[in-house]
Amino acid sequence: MGKKSKTSRKGKKAWRANISTEDIEDFFEKTTKDALSGGNLSAAPSEDLFHVDKSHDLPVKRKIEKHRERVLRVDSILKKNPFVQLVPSSKPKLKKSKKTIVIEDKAPKQVQKNVGDDSVMVDLWGDDSKGEDESNPRKIFKKPSIIPAVEIEHPGCSYNPTTESHQDMLAEAVAQEMQKVYKTELGPAPVPLTVEGDSLSEDERYFLDVDNFGEGEDDVLKKNPFVQLVPSSKPNLKTIVIEDKTPRQAQKSVGDDSVMVDMLGDDSKEDLRYFLELGNVGEGENNEDVENEVSEAGNIFARKTKRVTRVELNKRCRQKALRKKETKEKAKEKILNEIDSLPNILEEIAREDEDKQNKHLRRVIAKEEVLKIRPPRLGKYKFEAPPVQVLLTEEMTGSLRKLKACCTLARDRFKSLEKRGILVPSKQIRRF
Amino acid sequence: MPKHYRPAGKKKEGNAARYMTRSQALKHLQVNLNLFRRLCIVKGIFPREPKKKVKGNHHTYYHVKDIAFLMHEPLLEKFREIKTYQKKVKKAKSKKNEELARLLLTRQPTYKLDRLIRERYPTFIDALRDLDDCLTMVHLFAVLPASDRENLEVKRVHNCRRLTHEWQAYISRCHALRKVFVSVKGIYYQAELEGQKITWLTPHAIQQVFTNDVDFGVLLTFLEFYETLLAFINFKLYHSLNVKYPPILDSRLEALAADLYALSRYIDASSRGMAVEPKVDASSSSQSNDREESELRLAQLQHQLPSSEPGALMHLVADNNKEVEEDEETRVCKSLFKDLKFFLSREVPRESLLFVLPAFGGMVSWEGEGAPFKEDDESITHHIIDKPSAGHVYLSRVYVQPQWIYDCVNARIILPTEKYLVGSRIPPPHLSPFVDNEAEGYVPDYAETIKRLQAAARNEVLPLPGVGKEDLEDPQNLLYAGVMSRAEEAEAAKNKKKMAAQEKQYHEELKMEITASKDVVAPVVTEDEESVPDAMQIAQENADMSTVLMSRKKRKLYEAMKIGQKKKKASVELIEQRKKKLNDAQS
Chain E
255 MGKKSKTSRK GKKAWRANIS TEDIEDFFEK TTKDALSGGN LSAAPSEDLF
305 HVDKSHDLPV KRKIEKHRER VLRVDSILKK NPFVQLVPSS KPKLKKSKKT
355 IVIEDKAPKQ VQKNVGDDSV MVDLWGDDSK GEDESNPRKI FKKPSIIPAV
405 EIEHPGCSYN PTTESHQDML AEAVAQEMQK VYKTELGPAP VPLTVEGDSL
455 SEDERYFLDV DNFGEGEDDV LKKNPFVQLV PSSKPNLKTI VIEDKTPRQA
505 QKSVGDDSVM VDMLGDDSKE DLRYFLELGN VGEGENNEDV ENEVSEAGNI
555 FARKTKRVTR VELNKRCRQK ALRKKETKEK AKEKILNEID SLPNILEEIA
605 REDEDKQNKH LRRVIAKEEV LKIRPPRLGK YKFEAPPVQV LLTEEMTGSL
655 RKLKACCTLA RDRFKSLEKR GILVPSKQIR RF
Chain Y
15 MPKHYRPAGK KKEGNAARYM TRSQALKHLQ VNLNLFRRLC IVKGIFPREP
65 KKKVKGNHHT YYHVKDIAFL MHEPLLEKFR EIKTYQKKVK KAKSKKNEEL
115 ARLLLTRQPT YKLDRLIRER YPTFIDALRD LDDCLTMVHL FAVLPASDRE
165 NLEVKRVHNC RRLTHEWQAY ISRCHALRKV FVSVKGIYYQ AELEGQKITW
215 LTPHAIQQVF TNDVDFGVLL TFLEFYETLL AFINFKLYHS LNVKYPPILD
265 SRLEALAADL YALSRYIDAS SRGMAVEPKV DASSSSQSND REESELRLAQ
315 LQHQLPSSEP GALMHLVADN NKEVEEDEET RVCKSLFKDL KFFLSREVPR
365 ESLLFVLPAF GGMVSWEGEG APFKEDDESI THHIIDKPSA GHVYLSRVYV
415 QPQWIYDCVN ARIILPTEKY LVGSRIPPPH LSPFVDNEAE GYVPDYAETI
465 KRLQAAARNE VLPLPGVGKE DLEDPQNLLY AGVMSRAEEA EAAKNKKKMA
515 AQEKQYHEEL KMEITASKDV VAPVVTEDEE SVPDAMQIAQ ENADMSTVLM
565 SRKKRKLYEA MKIGQKKKKA SVELIEQRKK KLNDAQS
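Chains as they are written, first to last, in the working numbering: chain E, 255 to 686; chain Y, 15 to 601.
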């Protein structure tokens, strides 16, 4: 894309070039086009150009109306409920005269008045029409749980119970209490909010810092008894000081290595790393392995490679083949064994299946059982059962007059609502 | 666009799409938490526990459809309207424009829950089925003290009281009460209406307290709904008796806190007014002393009732035939305390007994003004008392403890009063009628004695339930005999013979059992032994067959049931052992 060459704007030629002759050209084009197509369109009468469509298509307006007439499914559902009034999505313009509107308005007002009147009660279930109910998809309000609204107390909670049932109930109440006690006793101790003690001195903090830094590395170093960690002034740089004795002992620990490490002579970094690696490997390892590693790790030391002779190669080949054969045979034997013990295996599988099923069954039952006594977990807090209302043995007088009755029925109701999963259990502490 | 088009980057599936947390729901509905709670309660929408909690375990989840359901609730709009109106009032108040504030307060928009009740309980039966909680709550709030702090107005407490009394009056009028159990918590009642068992708990006659761990705001919202529900149910029930619903009560009796009695009289009077036979009763009972309480402010129908007639409900026994046919149990309940007259001492729980005794056909009076009859009435048969000794002892009546009534009611027979007499003795244990002893496997001693007494009572009154009807139908049979073909006739005769034989056998067995139980036991047992194994075998075979045929799920369920049964058995054994030990220790 090169730039357009600038022409001189001086002179006649230049001026001529800048005057456009498009309109003239357009005119010529048009006239020729008209001449070819047969006459100027703008001059032609409109009857020739347009015609009235007299086919049976619906007019646009009618189409819109028809669209409005169509009842949506939502609306049709709502229509069945006499109490719900429809709100049309689009309102057709009212063409009716004012009078009719007034008349229409009057009637519903009166009806509404009757409904709104407090003194008049109507029979809600006067017209039990089944069809309507069936069409209502939310007819049956599912109860959230199977726990009954009013649970009847154990016979031991009677104001004058039999001794056996009373003992039963007392035991339950005691168990409930003890459970709380044990929970606090045996549970993990809560994390203290404050810890007693002096604030750290600077030196100690310094040590702590070091300890925190790179625990993993420390472990590695600690394994080697000859290396001591000395904290340096900067925590990221760690120097490792090795005592004078170390080289000889280190050699000992490595064993009869052909490799000689001259620590004192050469204390480059690589050496150190190598030394540490050796320490990690430990004495239990094979010498060969160590040797291999050494040979791989350190390029500094001369590599002694033996030439593999043909004999040796053959030997290896043979050994390999033999090993292969052996494994094959073993596998075969194993399969044979398995085939022999097929009934046992089948039995085992059946047993496992049964166990699994039993486990599953138990879990399902346990879940159901739990649901019978406890609601599902609905919120942050778990449901806590209210204490059992049972008389103590010394409170049993057999007289209704002297009965020490429960006076917290409101709580009972509230707990029942929570238990049935209607309310979310909350740890509400009321302010005063 | 396809129907299930999901724009890219808005992928939501499974639990993430189906559930939303509470705070999401609040945002969705554009309401505050308080309003949301109220809406949920009145609409009956509860949090759910999704299988996978997408937002974490500490959130409360609601189903998306539930929230959508709330979204379409007209009440939501109404609540918003009320909220804006409240703002207006507040504004007026803060501008010190008291006049305007007062004016605005008089025209406050209100809402009604009728539609919601219809929506939640499409049929009357549905409503009855869910009445337990409602009744318990209303009964509880009827005895709570009105409190400013809890926003509990006196008006509401009174409304609750009225509703409970209306309900109780209906139940006792229809003799629908079935079981009563006095526990430490309160008194459990069970009634049967239209085949539905309705259980509710009423507090004892002591002061109930507000506790810290209860959110009374929530409870009051529940109460609001339940009040409406119970009012509609009472309306329906009263109209089924041809009684006008919001009952007009004798204000004098009301002032004396004898609403229940006043109500029963009201029902009695108005239903009798419909039955058009008031005059006979009025003349027959004109002997009763003339306290002219009712003339004052009772409705005209109530005027027809003689003023202080005892046990207004008992009149209805006469015109029973006209009513809809009753089942066996109702009849038994109605005639339990038929000819007995009770008098309640000052210290017994009056509310409860005034409800229970008429429900089982007894006539009751109490100490105090407005009572139907006085303490010195000669015809009183039982005096209910709960203190060591009575002051003035009438020889014509029995002084019993209130527990006797509850036990009689549960056993459906008049128990001997010896054990319940007033004194220092502790009455026999009050057993729970809600425990099915057969299913539990363990039967307390006293339950067994009651059972024996029941058997004895039945033997005296009606020999065999099936036979009585047969006799009644006899004339009809004779009439039909001509028309019937011979074969049919023969068959009928055979049937009758069989029935007779059965009856005879039954009688003999009964007699044997009663007269010499110990001697007869042995042969009976041998007979049983012969028949039992066969039955056992057949049963077992059947069980095996059915287990084979059952689907896996059902089979597992069956196994689970069996495990449960085994557990129960073990617990029963434990109890029995314990009891044995206890007995040994005592003897």
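Simulated from the structure, these hints should not be mistaken for lab results. Predicted, not measured: the structure shown is a model, and the values here were computed from it. Incorrect hints may appear among the rest.
Cut-off 30 Å, straight-line C-alpha distance, at most; resulting in silico cross-link-like pairs (DSS-like, lysine-lysine) [claimed, not checked]: (1) LYS92/Y / LYS110/Y; (2) LYS465/Y / LYS397/E; (3) LYS433/Y / LYS626/E; (4) LYS397/E / LYS79/Y; (5) LYS110/Y / LYS656/E; (6) LYS92/Y / LYS67/Y; (7) LYS610/E / LYS66/Y; (8) LYS621/E / LYS388/Y; (9) LYS626/E / LYS92/Y; (10) LYS41/Y / LYS656/E; (11) LYS582/Y / LYS636/E; (12) LYS107/Y / LYS636/E; (13) LYS397/E / LYS433/Y; (14) LYS433/Y / LYS669/E; (15) LYS669/E / LYS582/Y; (16) LYS626/E / LYS388/Y; (17) LYS69/Y / LYS634/E; (18) LYS434/E / LYS610/E; (19) LYS333/E / LYS433/Y; (20) LYS69/Y / LYS621/E; (21) LYS621/E / LYS41/Y; (22) LYS613/E / LYS92/Y; (23) LYS66/Y / LYS669/E.
(message) I'd like to know which numbered hints this structure contradicts. Please list them from smallest to largest.
(response) Numbers 2, 3, 5, 6, 8, 9, 10, 12, 13, 14, 16, 18, 19, 21 and 22, in rising order.
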